[in-house]
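Chains as they are written, first to last, in the working numbering: chain L, 1 to 207; chain H, 1001 to 1104.
Incorrect hints may have been included.
What the hints assert, rightly or not - In silico contact screen, one side only, chain H against chain L (beta carbon under 10 Å); selected entries:
1. 1024
2. 1032
3. 1040
4. 1046
5. 1062
6. 1091
7. 1100
For the record, the hints were derived by calculation from the structure and aren't laboratory data.
The beta-carbon is built from N, C-alpha and C at its ideal position, and this holds for glycine as well.
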Amino acid sequence: MSSQEQTAAAHVHRDDVGARMGMWLFLFTELILFGGMFILYSIYRYMYPDAFHLAAKELNTIVGTFNTAILLTSSLTMVLAITAIQRKQKALSIFFQVITIVLALGFMVNKYFEWGAKFHHGIYPGSDTLLAKPAGEILFFGLYYVMTGLHGLHVIIGVVLIGIMAGYTSKGIINSNSYVKLESAGLYWHLVDIIWIFLFPLFYLIT
Amino acid sequence: MEHNQEVHAEHPEHSHGYGIYILVWLALMSLTGITVAVAGINFGGLTIATALIIAAIKSFLVLKVFMHLRSESKTFRAFVVVAILFLLISFILLFSDYSFIVRN
Chain L
1 MSSQEQTAAA HVHRDDVGAR MGMWLFLFTE LILFGGMFIL YSIYRYMYPD
51 AFHLAAKELN TIVGTFNTAI LLTSSLTMVL AITAIQRKQK ALSIFFQVIT
101 IVLALGFMVN KYFEWGAKFH HGIYPGSDTL LAKPAGEILF FGLYYVMTGL
151 HGLHVIIGVV LIGIMAGYTS KGIINSNSYV KLESAGLYWH LVDIIWIFLF
201 PLFYLIT
Chain H
1001 MEHNQEVHAE HPEHSHGYGI YILVWLALMS LTGITVAVAG INFGGLTIAT
1051 ALIIAAIKSF LVLKVFMHLR SESKTFRAFV VVAILFLLIS FILLFSDYSF
1101 IVRN
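Looking at chain H on its own, in the form it has when it is part of the complex (with noise of 0.2 Å):
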């Protein structure tokens, strides 16, 4: 984090040094390695939500770093956290509605 913030000071605009980039590209391969060996156990029902939670996370990074979100203005945010949520609301309701009709 304080790398980031320096690098911002010098390039105010969104330019950055490699550094941040080959970190995330690490973190992201190693959370693939994560999702791949936690696989292989049984967790149940938690299972799918581990693995749901890890590709959570690698978006998450690729959206604020790769995808350069974390350099854009509030208004760049506020338009992905608006589209991110309105299609987990739609897959809410879509989820709530299914499982009413096949309880009745």
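Chain L on its own, in the form it takes in the complex (with noise of 0.2 Å):
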């Protein structure tokens, strides 16, 4: 079958299950990428203890703390809006949606800050400030810089595919007959939850 065809018989036949499977595959790949990252940690982990938990102290364990509730009620709220545009619910599940995206902004706005902070004292990657202290803390700020800065790119890519959605659903391309886009998008936003369930005590709680 030719790939046009295959275009016109999907409006016939369509096969939830293969894009859900699809979209776990695409996850798999994420689990490696991150996967990586935490291997590097580990062995630099254990390779200078002491300067982890000396560099840690310099994170907010506060805002890391709040970073976290907000990214695990958003994960709340998009499943929520997936049960609603199941129950037919339209305007339940895009206001669900919207509020998905405002606490992923706001998680983002927190990062901006602490992050702001961090390069206000002369941490960040190459600075003169940084590049002083002991090679452990340097490499806990380098794994901290890449490891928050990719997930907070998955945030952002989140907010952008969680918007599209909100869209879809406002036009009726999700309805509660076809909704497995929307469901997509929430399989990949609980993904970049569970990396920071994660992420979260490996670099804010060493005390």
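Make the complex out of the two chains shown on their own, each in a separate frame, by following the hints.
Pasting the structure below:
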């Protein structure tokens, strides 16, 4: 079957299970991407345990905890948006999606202030203050910026994705009969949440 | 669990009530509180283990309920278990290799 025929047939035969499975496969590659970084983190932490403890004291646990709560709540509103569309509550579903976006943006605003404070103290990749510190602390902050930065990038991508989904929902492309797009966006968003669940204790809670 | 089955009986497809999600969210928030509270106590080598176990429980809840694995077919669950297993294997192999290098 040519791809054109498949596209034409897709309107009749929809494969929601296949679509979700494809999304899961993509999520596994994300798992490998972050997994590699967690390996790097573990080995450097094992090599420089004291420097990691000392460097982690620079991070604000309160902001970290607050951001964890924000992200967990956004995961809840995302899954509620799916339930709402399943129950034909279109307006409620859009409302939950918008709340999810607002919470994600709140997370990024906190991140902005958090990083801003670090920059203000002269702690940023390649800065003189940072390079004057011992090797272990330089590695800690390097990993901190790369891992939370990559996670933040995923949050921004999530915001764009959920924004598109909210548009689809209001246009009726996503409806109570066909909501696999919203489900896939949800799967992505929950994975971003799971990654943060591990990042949070590893960076903010070393005392 | 009973509530879960009840919902299943009413909606054989993947449609659930709002209640279970709010319960899971409360559990996730409490577990976060516990991690933060416990982080201040020094269990020595167990400190990091405790943090990781709590993170694993939270991830399990998100995977099972938020990501709808509880209502997906067995194929999906096998998929995820195999993926996580291989990630763990690569972690274990790398760490054993690393400790071997360090010792020599």
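Does the closest beta carbon of chain L sit nearer than 10 Å to the beta carbon of residue 1032/H? Result: holds, 5 Å to nearest chain L Cβ.
Would the hint on residue 1024/H be counted as holding, given a Cβ-Cβ threshold of 10 Å to chain L? holds, 8 Å
Tell me if residue 1046/H is really an interface residue toward chain L, meaning its C-beta lies closer than 10 Å to one of theirs. violated, 13 Å
Chain L contact restraint on residue 1100/H - CB to CB distance below 10 Å: violated, 13 Å
For the hint on residue 1091/H, does the least C-beta distance to chain L fall short of 10 Å? Since chain L brings a Cβ to about 6 Å from residue 1091/H, closer than 10 Å, the hint holds.
Given residue 1040/H as an interface hint, is its Cβ closer than 10 Å to any Cβ of chain L? holds, 6 Å
Does the nearest C-beta of chain L fall within a distance shorter than 10 Å of the C-beta of residue 1062/H? holds, 5 Å
Hint violations for this structure: numbers 4, 7, all remaining hints satisfied.
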